[in-house]
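Colleague: Assemble the whole structure, with the sequences as input and the hints as a guide.
Protein chains in written order, with our numbering: chain A, 11 to 295; chain B, 1340 to 1475; chain C, 27 to 151.
Among the hints, a few may not be true.
Using C-beta positions, here's what the derived DEER-type ranges look like [claimed, not checked]:
1) A:G69 <-> B:P1351: 56 to 66 Å
2) A:R161 <-> B:R1475: 13 to 23 Å
3) B:I1413 <-> A:E84: 18 to 28 Å
4) A:A292 <-> B:K1371: 58 to 68 Å
5) A:H260 <-> B:D1435: 16 to 26 Å
Keep in mind that the hints were calculated from the coordinates and are not lab data. Even glycine gets a Cβ: it sits at the ideal position worked out from N, Cα and C.
Each chain, written out:
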Amino acid sequence: MTKVASRLPDILKRHDAAILKEWVNEQLSVSRPEAMKESALREHAQRFFGLFRDAVQSGELGDVSGPAWAAVREMLGELSQSCTTLGYTPTETATFVLSLKQPLFTRLRQEVGRDAEALADETWAVTGLLDQLGLYTTEVFLKGREDLIRRQQQDMMELSTPVVQLWDNVLALPLIGTLDSARTQIVMENLLHKIVETGAAIAIIDITGVPTVDTLVAQHLLKTVAAARLMGADCIISGIRPQIAQTIVHLGVELANVVTKATLADAFQIALQKTGASIGKATAR
Amino acid sequence: MATAVSAEEMRPLGSSEDVVVVRQVVRALAVKLGFSLVDQTKMVTAASELARNTVDYGGGGTVRLQTITDGKRIGLRLTFEDKGPGIEDLALALKDGYTSGGGLGLGLGGAKRLSNEFEIVSRPGEGTRVSIARWR
Amino acid sequence: MDRIPILRMSEFLLVTIQVDMHDRLAMALQEDLTDQIVRHRSHGVLIDISTLEVVDSFIGRMIGNIAGMSRILDAETVVVGMRPAVAITLVELGLSLPGVRTALDVDKGMQLLRTSLHGTSNGAS
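Modeller: Quick look at the structure:
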């Protein structure tokens, strides 16, 4: 419906230089401590305004997800990303777009001011349009953050599951942090491969660094123990803190078939016994 | 997002040799799609369970192997179909330990646990269709 | 019909499963093995599955059956060399082979059999 009625394309075409100038001046006059530098602002404003004006000529004012707005979206995407790297807040980036409202409203009032109904319609259309674009910059910002989090999660996953050899035939897997099922799967595979690689008969899974154990985590641990047993290695779970022992019992998780020890040292001693080795203090003669 | 099928093939399931062939075909396909070793093994094992069910309880049938995508991920979907006696009580058949044929009764429930998506349609006297999918 | 070869190694029997078995082959192995245990009065069976890429519930059940039957015939069964991916899958499948002893390779399996047969009196469980 806005496609036919709006005079925005025409207004933009006739007054583009003036509107751009007003917009930039408007932004520069409101000096915020974290605002963009003037040179950068002018450059971004010019590019955005050019693309915006061209996209508006398509007459597609209701929806910015279409092909007519592809160039604008791309520009805003880049802007949002570069602003994030430069340390600008997402509000700053969105304000950049939203501040175009004022010069546009002023123009609209001058051009269609006599017809109140038309003015309301036009204002509404421009508001909707710029709101969508402003939100788009925030969306890009969020997506960037999400990607970052996902990458970091992956890095952490790879870093946080070392399997160490304590002794001949004895491996230890010190677990630190929260266990979710994706991470447990990696931990499990790592441990089992290391067992094959080293021919270890016993693996100690130390959960001192695991803050909480819920049913799911307990089940994952049990699965790891069961899989290791199928391959021919025994597991000992150590580092079970009192609260965790309580939750395990309250959850009704059956740990009966698993050897558990309070500390890694206790587990190590049992492991040595089982593999036929022993450590003791050298006795003075 | 809608799931699209990008490649598809059919295999017959009439004998226990066919079950072996299906295991090998599923393995090759999972390798081609870049599944991890564990995911390959899970999918092949699930396929083996369901293929055997089709042969032993369904009196033979077919399996359709599909490469699927939802725009972001790639996956493998296997659909086993027979015109056998069907399953009277689906909830019971899905329960671990339940068996009508002297097996361990881990076939259906196991296949469900080994895949990301599981769907079963069965009508007594008309046959059974089980579909599983796993994403890479 | 082809069969899986069963090797005799002193007092033990060794089976190396190298092919992707169809179900009848697995059933035949189960029969052959119990026959051989009785014929050679073997006290231990080693089943090497290190080349098997898939163990489904049928093969798992066969392994469990062999272990159970051997026990009745006074022989210990040790399954050796299960691959990590296979172990993870079996656990997910809900099959943990409770009565079956396991070892990482044939050597360790043989050791396990020896200690449980000739070692301490409480070795065999």
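Colleague: Tell me the hint numbers this structure goes against, listed in increasing order.
Modeller: Hint check: nothing fails, all pass.
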